[in-house]
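Asker: We have chain A already, so just place chain B on it with the hints.
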Amino acid sequence: MAKFDEGMESMLDTYIFEENQLLEQLDEILMRTEKAESIPSDDIAEIFRIMHTIKGSSSMMGLSNMQQLAHSVEDLFSILRDKPETPYDKKTLFNLVFDASDSLKNEVDVIQDDSAELTDFTQQIARIRAYADVMKSDGAAAAKPLPKETVFEVGEDESLLTLHIIYDQSCLMPSVRALVLLRSLGKVCEVTKTVPLDLDADTANDVIAADGLYIKLIADDREAVLKTAQKALNVAKAEWVERPKEEVEAPKAPAAEKETAAKPAKEKKDEGKAHTAGEKSSIISVKLSKLDALLDLVGEIVITESAVISSPDLKAMEASLDRFNTSARNLKKLTDELQDIVMSIRMVPVSTAFSKMSRVVRDMNNKLGKGVELVFKGEETEVDKSVVDILGDPLMHLVRNAVDHGIEAPEVRRAKGKNEAPTVTLSAKNTSGEVVITVEDNGAGMDHNAILAKAERKGILRKPANEYTKQEALGLIMKAGFSTNENVTEYSGRGVGMDVVKQNLEKVGGKLVVESDLNIGSRFIIKIPLSLSITDVMQVRVGRCDISVPIASIKKLFRLDMKNLVRDEDDNMLVVIRGKCYPVIPLSRYFSIPTQCKAFDEGIMLLCEVDHKRVCLFADSLIGEQQIVVKPFSPLLAQYNLSERGLSGCSILADGSITLIADVKAIIENIFGKQGG
Amino acid sequence: MAGEAENIRLLTFVTGGEKYAADISAITDIIEIPPITFVPMLPGFIEGVINLRGKVVPVIDLARRLNVSEEEYDRHSCIIVFSIQSTAVGFIVRRVGDVIDVIPAQISPTPDLKSTVRAVVTTEEGYYKLIRQEELVEA
Chain A
1 MAKFDEGMES MLDTYIFEEN QLLEQLDEIL MRTEKAESIP SDDIAEIFRI MHTIKGSSSM
61 MGLSNMQQLA HSVEDLFSIL RDKPETPYDK KTLFNLVFDA SDSLKNEVDV IQDDSAELTD
121 FTQQIARIRA YADVMKSDGA AAAKPLPKET VFEVGEDESL LTLHIIYDQS CLMPSVRALV
181 LLRSLGKVCE VTKTVPLDLD ADTANDVIAA DGLYIKLIAD DREAVLKTAQ KALNVAKAEW
241 VERPKEEVEA PKAPAAEKET AAKPAKEKKD EGKAHTAGEK SSIISVKLSK LDALLDLVGE
301 IVITESAVIS SPDLKAMEAS LDRFNTSARN LKKLTDELQD IVMSIRMVPV STAFSKMSRV
361 VRDMNNKLGK GVELVFKGEE TEVDKSVVDI LGDPLMHLVR NAVDHGIEAP EVRRAKGKNE
421 APTVTLSAKN TSGEVVITVE DNGAGMDHNA ILAKAERKGI LRKPANEYTK QEALGLIMKA
481 GFSTNENVTE YSGRGVGMDV VKQNLEKVGG KLVVESDLNI GSRFIIKIPL SLSITDVMQV
541 RVGRCDISVP IASIKKLFRL DMKNLVRDED DNMLVVIRGK CYPVIPLSRY FSIPTQCKAF
601 DEGIMLLCEV DHKRVCLFAD SLIGEQQIVV KPFSPLLAQY NLSERGLSGC SILADGSITL
661 IADVKAIIEN IFGKQGG
Chain B
678 MAGEAENIRL LTFVTGGEKY AADISAITDI IEIPPITFVP MLPGFIEGVI NLRGKVVPVI
738 DLARRLNVSE EEYDRHSCII VFSIQSTAVG FIVRRVGDVI DVIPAQISPT PDLKSTVRAV
798 VTTEEGYYKL IRQEELVEA
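Order-wise, the sequence lines are chains A and B. Okay, so the first sequence: first residue is 1 according to our numbering, each after it adds one. Okay, so the second sequence: first residue is 678 according to our numbering, each after it adds one.
Think of the hints as simulated: they come from the structure by calculation, not from any bench. The model shown is predicted, which means the values in this text are computed figures rather than measured ones. Glycine included, C-beta positions come from ideal geometry on N, C-alpha and C. Among these hints, one or two may not hold up.
The calculated lysine-lysine pairs, modelled on DSSO-like cross-linking and capped at a C-alpha distance of 30 Å, are [as the list claims (entries may be wrong)]:
#1 A/K332 to A/K367
#2 A/K333 to B/K732
#3 A/K631 to B/K732
#4 A/K555 to A/K613
#5 A/K507 to B/K732
#6 A/K332 to B/K732
#7 B/K732 to A/K287
#8 B/K732 to A/K385
#9 A/K470 to A/K580
#10 B/K732 to A/K315
#11 A/K227 to A/K216
#12 A/K385 to A/K105
#13 A/K665 to B/K791
#14 A/K290 to B/K732
#15 A/K35 to A/K83
#16 A/K193 to A/K227
#17 A/K479 to A/K507
Partial list, computed: chain B residues near chain A (C-beta under 7 Å) [to be verified]:
#18 T714
#19 F715
#20 L719
#21 N728
#22 P735
#23 T764
Just a sample of chain B residues kept apart from chain A, beta carbon distances all over 12 Å, derived [said to hold, decoys possible]:
#24 E695
#25 R772
#26 I780
#27 P781
#28 S785
#29 A796
#30 Y804
Bound conformation, chain A alone (with noise of 0.2 Å):
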């Protein structure tokens, strides 16, 4: 079976998007009033919505477990709504609302994943439950006893058909799978009227669980109508009810009283709703990938405005260009500003990767009973979309690093004299083409000189120790295979070290650097390039081709001179720099392109380092620096394997020429492998 209601599909991304937001929101409401002294009404108004919201619209797919739990928490929310002075346990229930907010978290991954079945939340909503009964002990009133509505009014129009459908028990809010229902209806009958007849009251749930939902229609085909309706989900009995021959008069009023009575609660939810809608209203959600398309073209439109602009055929005119210059330029300040706003339109806030940082040290507090503060400068800094999602794991490992072996427990802290609060700073900001995030904590710092002590026994120290700096003793421990923590703890020590961090902060272009004092603190410094999709490359011509290569990977460039060249009896040619030998890769062979330059010492080196492994590729000439934007090859291309055999990619360059990018990496592993094997 489907995990969602059929035809509800095209809903689910919405459906995701939606409730994503709302479990961060959530989170920023518990993370905000956790450490007040009591909930503000407003904020429990708000989880209360929230969790409504998620409990509509989870139903409106058919995720009724996701629905229950929502539904649980709810109920405890209205407790408090209703009756503020409700006491209760603070600990408990945020404890209980976090477990929620997370299996719900978890469960919107779950729906995505076609592997992972949907998880029986049923113990953990028994015990919301079970809590919520604690707090309603004291002495809740019980619910009113509802008014009843008449289904069969005097003076109806007797071809009206009367239609009565029965949910099952399980169904917790028939009043939304009857919404949905009314949609299909709609296809095969026209629907005059329901009762209840207000859907979106509060009470219409109690309603159609005990009497069942009654649906006035006029319809041609009575068995289309009925199938559809014993087709809905949830719907246990889907049956004809015909007019009473005789009509009770009285029920008539209490129906006009709940009308009235209905009517000022449905204003005020609309209140609220047009409140939130005019929120949002500033805000839309747009897909990646349309975005990478509009930059795309707007970067045509400006290779085509220069190409316009500066045509040849505009010089071999006679006439006067004056106008037409003016007219140029005014096009190109516009297609300048469209191209700034297109760039910006990716940017958000850090705020976004910082704030699932509370939660981590929350839960870490909670555990490690540290008490750590974390605080945020510069969250406003704004990042391209794909920085914001690249730095959330590196930030969640030295938030943790920091709370876990930065931060001393409290009782060594007080033993130090250290009064302040233990604090873990995370700040942003801007600076020249990259955005600088620090993470700084007050803790204990590092000693460098145990640093030095511990690389040595562990062997991977590459000069005698006396040699390092502070500064490169304390970037040993981003070094493969070094863990300053003996001990492993739920938090960090698992293996998944500072290395990698630093290596995946490389990937993008970024660079980490560690800064310590000992016991005054620890500062981690990410610095990462502020648009991810351009790259840095040096480009140099082979035979025919104009290749580039990655500055990232470029050690040094250089031209050789022939009695530093050395060739050994395969005929592999091996340079000698300062004491040491690497591989001489000529690009034209290694690519099979025909070349005119034959001499070494014509040619440009290009020394290339990646994972410690260097070798010297062998290029015609040089042509220059350049910011490209790299573009996977087509699959036509990608069938050939070209990225295993040493080109990542095309771009095309503002002239609208084409270059290709090497994959200095693949290179590498290409030749090292040859020669190993």
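Answerer: Just chain B now, with coordinates in the frame of chain A:
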């Protein structure tokens, strides 16, 4: 001459001294031959890549791909750009001919399913070979 419902519209072209046709619905562009960027490590029939309005599109020399006689290209030669599984691929041909409307009866499918020729189209001007472009881009 608006074709009737069952009519099939084909583009005819000549390359390597042979007459070919292709279903026009799969064709997105017919362009002059722009500068072609050579890409190493590929089979000889792939000429390289071109910049088609900001997209990098691979270009195949159709005559070499079909193993018909080598073709000389001049300024009247063209690249026909096909959309194959929503990926753009260009084929260089010597000359582009006409757009013709044919009825299914004029199309005789070839028995070999792996052949690069899908069918033979019989017209008053003679036979055209209907290419199977999906097969031509396979390695």
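Asker: All hints are to be evaluated individually against the structure, with a verdict given for each.
Answerer: Hint check:
1. A/K332 to A/K367: violated, 58 Å
2. A/K333 to B/K732: Distance of about 25 Å is within 30 Å: holds.
3. A/K631 to B/K732: holds, 9 Å
4. A/K555 to A/K613: holds, 11 Å
5. A/K507 to B/K732: Satisfied, since the Cα-Cα distance of roughly 25 Å is no more than 30 Å.
6. A/K332 to B/K732: holds, 23 Å
7. B/K732 to A/K287: Holds, because 20 Å separates the two Cα atoms, which is no more than 30 Å.
8. B/K732 to A/K385: holds, 24 Å
9. A/K470 to A/K580: holds, 27 Å
10. B/K732 to A/K315: Holds. B/K732 to A/K315 sits at ~29 Å (cutoff 30 Å).
11. A/K227 to A/K216: Judged against 30 Å, a Cα distance of about 16 Å means the pair holds.
12. A/K385 to A/K105: holds, 21 Å
13. A/K665 to B/K791: Distance ~38 Å between A/K665 and B/K791 Cα, so the pair is violated.
14. A/K290 to B/K732: Measuring from Cα to Cα gives roughly 16 Å; hence the hint holds.
15. A/K35 to A/K83: holds, 21 Å
16. A/K193 to A/K227: holds, 19 Å
17. A/K479 to A/K507: Cα-Cα ~16 Å, so holds.
18. T714: Holds. Min distance 4 Å.
19. F715: holds, 6 Å
20. L719: holds, 6 Å
21. N728: Because about 5 Å separates B/N728 from the closest Cβ in chain A, which is inside the 7 Å limit, the hint holds.
22. P735: holds, 5 Å
23. T764: Since chain A brings a Cβ to about 5 Å from B/T764, closer than 7 Å, the hint holds.
24. E695: Its Cβ never comes within 12 Å of chain A, the nearest being 23 Å, so this holds.
25. R772: B/R772 is indeed farther than 12 Å from all Cβ atoms of chain A, at 24 Å.
26. I780: Given a closest Cβ separation of 32 Å, the condition holds.
27. P781: Check passes; 30 Å lies beyond 12 Å.
28. S785: The claim holds: B/S785 sits with its nearest Cβ about 29 Å from chain A, beyond 12 Å.
29. A796: holds, 23 Å
30. Y804: At roughly 29 Å from the nearest Cβ of chain A, B/Y804 sits farther out than 12 Å, so the non-interface label holds.
Figure legend: structure checked against the earlier numbered hints; hints not met, in rising order: 1, 13.
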